[in-house]
Amino acid sequence: MFEGFFHTLRAHGVPVAMDEWLTLQDALGRGLADSSLSRFHSLARSLLVKSERHFDDYDIAFAEYFGGVEQADDAIADHVWQWLDEHPEALRLTDEQRGQIDHAISRIDLDEMRRRLEERLANQTEAHRGGSRHIGTGGTSPFGHSGWHPGGIRVGGESGHRTAAQVAGERRFRDYRSDATLGVREMGVALRRLRRLTTRIEGPATELSLDDTIDATADHGGQLRLVFRRPRRNEVRVLLLLDVGGSMDEHAELAGRLFSAVNQSGRFRELTVRYFHNCVYDRLYETATMLPGRSEPTTDLLARLSPGHRLVVVGDACMAPSELAMVGGAIDYGQRNDEPGWVWLERLAARFPAAAWLNPVPAGDWHRVHGARTLNAVRTIFPMFELSVDGLEEAVEHLMARS
Amino acid sequence: MTAATFQSTADYIASDDLRGSVDVAVTLERPLLVRGEPGTGKTRLAEAVAANLGMDLIVWGVKSTTRAQDGLYVYDTVQRLYDSQFGEGDPADIARYIRLGRLGEAFAAPERVVLLIDEIDKADLEFPNDLLWELDRMSFHIPETGETVSARRRPVVIITSNAEKELPDAFLRRCVFHYIAFPDRQQMAEIVRVHHPDLDDALVGAALEAFYTLRRFDGLAKRPSTSELIDWVQALALDGIDPDRIMREMPFLGVVLKTPQDLDVTRRHLALRARRPID
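Heads up: the sequence lines are chains A and B, in that order.
Just so we're aligned, residue 0 is where the first sequence starts under numbering that gives the first Met the number 0, counting upward by one.
Just so we're aligned, residue 0 is where the second sequence starts under numbering that gives the first Met the number 0, counting upward by one.
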């Protein structure tokens with residue numbers, strides 16, 4: 000029953016598995032839906048959707064397949080609709096144009112597109128809408144927003160028709176996000192390798208040591224002597240520095256949760272988490288909101304933590320060169336640093352020989368991302384790895400090899 | 000169809016959706032995974048289900064050190080060694096030293112029971128995977144005695160979790176999933192009524208108004224939840240606060256907010272509101 004619904008759900012990005020679908024068929028067979036559509040709606044949702052993040056997608060797919068509800072397209076902003084009302088002809092596509100789209104997407108050269116975008120930006124001096132060449136709204140130029148063009152670049156604004164092959168502008172990491180979410184479990188598993196087991200850490204001896212018990216019992220002429228030992232524990236200590244602010248927030252949150260999840264299950268001997276914005280200077284913050292009242296001088300922290308700590312920095316390392324190289328270059332106005340960020344980074348690296356920098360920017364973009372200059376400068380101080388499952392595995396390997 | 004259907008009880012209010020999900024899980028004999036903000040009554044759901052269906056409730060509270068094995072059975076080697084030394088009991092009978100864990104108890108129970116596996120996300124990453132087979136087959140084997148424990152009546156398994164990402168896909172696929180959304184004001188009023196049936200309407204109304212305003216304040220690290228509201232209403236009632244003052248002053252904030260930072264944030268918001276003309 001309803002096979003089409005299965006495909007509609009998948010088309011809307013709800014990860015439905017075949018066995019979940021079969022369970023639903025079973026449930027329907029037992030009359031659990033009571034032949035009521037609203038019962039079916041919640042029944043199917045409880046069996047097919049396993050995360051509230053997909054509830055919205057589910058509802059859209061449901062509405063689309065069962066057709067009872069208007070499909071709201073919140074992707075098109077009100078002002079675009081308004082503009083459309085005034086210019087009804089502007090966005091109407093001919094079938095021929097639509098036909099071009101699939102064809103065109105397969106032969107987009109993003110670098111070429113970017114180069115042309117830069118040229119246009121240089122040429123264009125006034126606001127523009129419609130037309131087929133300049134950047135503006137509507138229209139069929141490959142650049143701008145809310146328009147149809149086979150594989151264009153969106154410049155700010157809202158995505159109207161979702162054919163933009165790449166969004167130029169502020170949402171660089173958006174696509175990566177779903178991968179990151181999928182990989183969270185694998186990352187957790189990778190992080191578990193960040194350990195060195197030892198029995199030397201103090202704690203109650205709770206594990207029965209069979210070999211020692213047998214030896215001790217034999218030594219006492221067969222009189223039972225139970226010998227306990229301390230369970231083996233991880234002796235690895237970790238200092239985690241998270242870049243927060245702007246585009247980094249979601250990655251910092253992800254990394255912070257990952258490490259503390261691993262820490263909670265007793266995996267690290269000690270985990271210290273501190274926050275910074277863009278570059279480390281003379282103070283580090285205890286909370287992501289960077290309250291000055293909850294911060295401490297970086298030098299105090301360096302003095303307190305042993306060189307045996309593994310240092311993990313999560314950040315995009317993309318900043319203005321002045322933030323790295325100049326006195327007083329810090330992005331936050333209040334933080335008048337007396338020494339350039341570069342000096343602080345070198346100090347960190349010298350204090351913690353086992354260090355790794357995790358970068359959410361995909362490794363393939365490191366040479367061309369906006370901020371590539373500082374990124375590559377930071378790479379000369381810290382070994383840098385991509386914040387992905389593979390990158391994390393490499394980083395862990397690196398951290399454990401350095402001790 | 001099952002004869003017994005889950006209903007709201009005198010002290011637990013369940014939405015239609017939630018009642019449906021419980022019925023589905025009971026009928027299909029699959030674990031019900033319940034997630035939601037802390038304080039939305041995930042744990043209390045199991046108590047209500049057990050009371051409602053007239054079954055016993057077995058609670059397995061998961062901690063960070065809990066292993067899947069603990070839920071099945073524990074083999075008490077040390078006791079056996081001692082007994083062999085001092086000649087007490089019969090050490091040859093291994094079964095004497097096998098103690099069933101909570102999951103084992105639920106399987107071995109003569110009647111159908113409700114098993115609550117509380118806060119499964121607290122345990123190790125592999126924990127849910129280690130239970131897949133046992134929850135699927137509702138049976139496990141004890142190698143020490145060669146015995147197999149299988150459920151006579153498959154228990155109703157309710158699993159609660161706060162975090163979503165740590166649960167493996169294979170585990171999720173086997174569960175019936177329900178997300179308890181934060182109650183809206185009307186549902187919340189019913190919930191408060193269940194706990195404090197004799198309170199003055201004006202007081203409850205004012206407390207709810209203040210509570211939902213408070214939840215909307217920016218910058219709170221932990222938004223107050225149902226259990227905090229219930230405590231707060233109690234505190235307000237005991238002190239006999241005039242309902243008009245509740246919205247303006249929000250007394251006893253310490254009951255609602257648990258960190259000094261959140262208290263600060265709220266006081267700042269309140270000060271800002273006080274300066275605005277009353278609308």
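Treat the hints as calculated values from the structure; they're not laboratory data.
Be aware that a few hints might be false.
Said to hold, decoys possible - Over the 10 angstroms line for every Cβ pair with chain B, so calculated as not near, a few chain A residues:
#  : residue
1  : H11
2  : G12
3  : A16
4  : D18
5  : E19
6  : A26
7  : L36
8  : V48
9  : S50
10 : E51
11 : P203
12 : A204
13 : R236
14 : T288
15 : R346
16 : L347
What the hints assert, rightly or not - The calculated lysine to aspartate or glutamate pairs, modelled on DMTMM-like cross-linking and capped at a C-alpha distance of 20 angstroms, are:
#  : chain 1 : residue 1 : chain 2 : residue 2
17 : B       : K221      : B       : D261
18 : B       : K221      : A       : E285
19 : B       : K121      : A       : E285
20 : B       : K62       : B       : E143
21 : B       : K62       : B       : E36
22 : B       : K257      : A       : E206
23 : B       : K121      : A       : D248
24 : B       : K62       : B       : E104
25 : B       : K221      : B       : E46
26 : B       : K221      : B       : D263
27 : B       : K62       : B       : E146
28 : B       : K221      : A       : D248
29 : B       : K257      : B       : D200
30 : B       : K62       : A       : E206
31 : B       : K257      : B       : E36
32 : B       : K62       : B       : E110
33 : B       : K221      : B       : D120
34 : B       : K257      : B       : E227
35 : B       : K62       : B       : E125
36 : B       : K221      : B       : D238
37 : B       : K221      : A       : E252
None of the values given here were measured: they were computed from a predicted structure.
Idealized CB from N, CA, C, for every residue including glycine.
Self-check item: Hint consistency between K62 of chain B and E110 of chain B [alpha-carbon to alpha-carbon, up to 20 angstroms]
Solution: violated, 27 angstroms
Quiz item: K221 of chain B and E285 of chain A: Cα distance at most 20 angstroms?
Solution: Within the cut-off at roughly 17 angstroms; holds.
Exercise. Quick one: work out the minimum CB distance from R346 of chain A to chain B and report holds if it exceeds 10 angstroms, violated otherwise.
Key: holds, 30 angstroms
Quiz item: Checking the smallest CB distance to chain B, is G12 of chain A really beyond 10 angstroms?
Solution: holds, 15 angstroms
Quiz prompt | Non-interface label on E51 of chain A, tested against every C-beta of chain B at 10 angstroms | solution = Non-interface label on E51 of chain A violated, nearest chain B Cβ at 4 angstroms vs cutoff 10 angstroms.
Quiz item: Is the Cβ of A26 of chain A more than 10 angstroms away from each Cβ in chain B?
Solution: Since the minimum Cβ distance to chain B is about 6 angstroms, A26 of chain A lies within 10 angstroms and the statement is violated.
Practice problem: Would you mind confirming whether the straight-line C-alpha gap from K221 of chain B to D238 of chain B stays at or under 20 angstroms? | Solution: violated, 26 angstroms
Exercise. Take the C-alpha atoms of K221 of chain B and D263 of chain B, compute the straight-line distance between them, and say whether it is at most 20 angstroms.
Key: With Cα atoms ~13 angstroms apart, K221 of chain B and D263 of chain B stay inside 20 angstroms; holds.
Self-check item: 20 angstroms Cα cutoff - pair K121 of chain B, D248 of chain A
Solution: violated, 25 angstroms
Quiz item: Is the Cα-Cα distance between K221 of chain B and D261 of chain B 20 angstroms or less?
Solution: holds, 8 angstroms
Self-check item: Given as non-interface: T288 of chain A, partner chain B, CB spacing beyond 10 angstroms
Solution: violated, 8 angstroms
Quiz item: Does P203 of chain A sit more than 10 angstroms from chain B, CB to CB?
Solution: holds, 13 angstroms
Violated hints, listed in ascending order, are 3, 4, 5, 6, 8, 9, 10, 14, 19, 20, 22, 23, 25, 27, 29, 32 and 36; each of the other numbered hints is respected by the structure.
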